[in-house]
Amino acid sequence: MTLPAFYIIATVVVMAAAGVVITRNIVYAALFLLVALGGVAGTFVLLFAEFLALVQVLIYGGAIIIVILFAIMLTRQREFHLTTEHRQWPLAAVASVGLFVLLAAAYLSDADTFNTNIRSGISVEELGTALFTTWAVPFEIASLVLLIALIGAIVISRTGDRDEA
Amino acid sequence: MTLLHFEILSAALFCLGLYGVLARRSAVLILMAIELMLNAVNINLVAFAAYGSPEPSTGMVIAIFVITIAAAEVALALGIILRLFRERSSINVDEIDLMRG
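Just so you know, the protein sequences line up as chains A and B, in that order. With the first letter of the first sequence counted as 1, position 53 gets the number 53 in the working numbering; the numbers rise by one all the way through. For the working numbering, count along the second sequence from 1 and bump the result up by 1000.
So here's chain A without its partners, still in its complex pose (with noise of 0.2 Å):
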């Protein structure tokens, strides 16, 4: 029963990935790009990871498209037709066809493997346990990434007006 979902899913995934890379218009690419990441977000809840869908949503749909949706208002380009593909496209999509059926090849050579059947996944609880406990450090590190991050944007997109203060 959830084949079907999976595959669905996963159709929608590719084809708005697709769109992301081949449309000519951004905003249509960076609604590509939502869609893309909701279709992620269906995945997470098909592998029982009903959390990471919900943080998926939130962080993705919610902050980060709006970022990017932000960066294209703020840098309103004249070359609308000039966003479009370098002139090595060719090249480009020789070597990422090249890299997918190099790792499709991979993974079918090994079928066996992979061929285990999906166990539940965890709660949310379980989650937060490891996350405070095994991860505390990591976590703390990664809270502190976050704001030099935001000190970082702040300081190198404001006008340069340093000189003179």
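Hints were generated in silico from the structure; no laboratory data involved. Mixed in with the good hints, there may be bad ones.
Here are some of the chain B residues that sit facing chain A, going by a computed Cβ distance under 7 Å [stated by the list, open to error]:
id	residue
1	Val1028
2	Ala1033
3	Asn1039
4	Pro1054
5	Phe1065
6	Val1066
7	Thr1068
8	Ala1071
9	Arg1088
Beta carbons are placed, not taken as given, at the ideal position from N, Cα and C, and that holds for glycine.
Please build the complex by placing chain B on the supplied structure of chain A, with the hints as guidance.
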């Protein structure tokens, strides 16, 4: 629905993101393609956590860290893009060649 399905989906998403990073010229579009690649990695982490890992919380916790770092990265990238746009009034990465020797 086995682990293989998720692996293939993750590989496809990663390769689409790679194409975007290599082929696009707008810095904002490259940023979006990087987000796609990070999401492919997250699918991988959560899939391995749900299927095979003896310690299933590890993959999920690392996925949470990846999302955290992605948020920090987007904020910094927006700052850099805005600064670039102000100084050079373009975010075409081909024109940012200050360090060309």
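The hints, checked one at a time:
no., hint, verdict
1, Val1028, "5 Å, holds"
2, Ala1033, "6 Å, holds"
3, Asn1039, "5 Å, holds"
4, Pro1054, "11 Å, violated"
5, Phe1065, "6 Å, holds"
6, Val1066, "10 Å, violated"
7, Thr1068, "5 Å, holds"
8, Ala1071, "6 Å, holds"
9, Arg1088, "11 Å, violated"
In summary, the numbered hints that this structure violates are 4, 6, 9.
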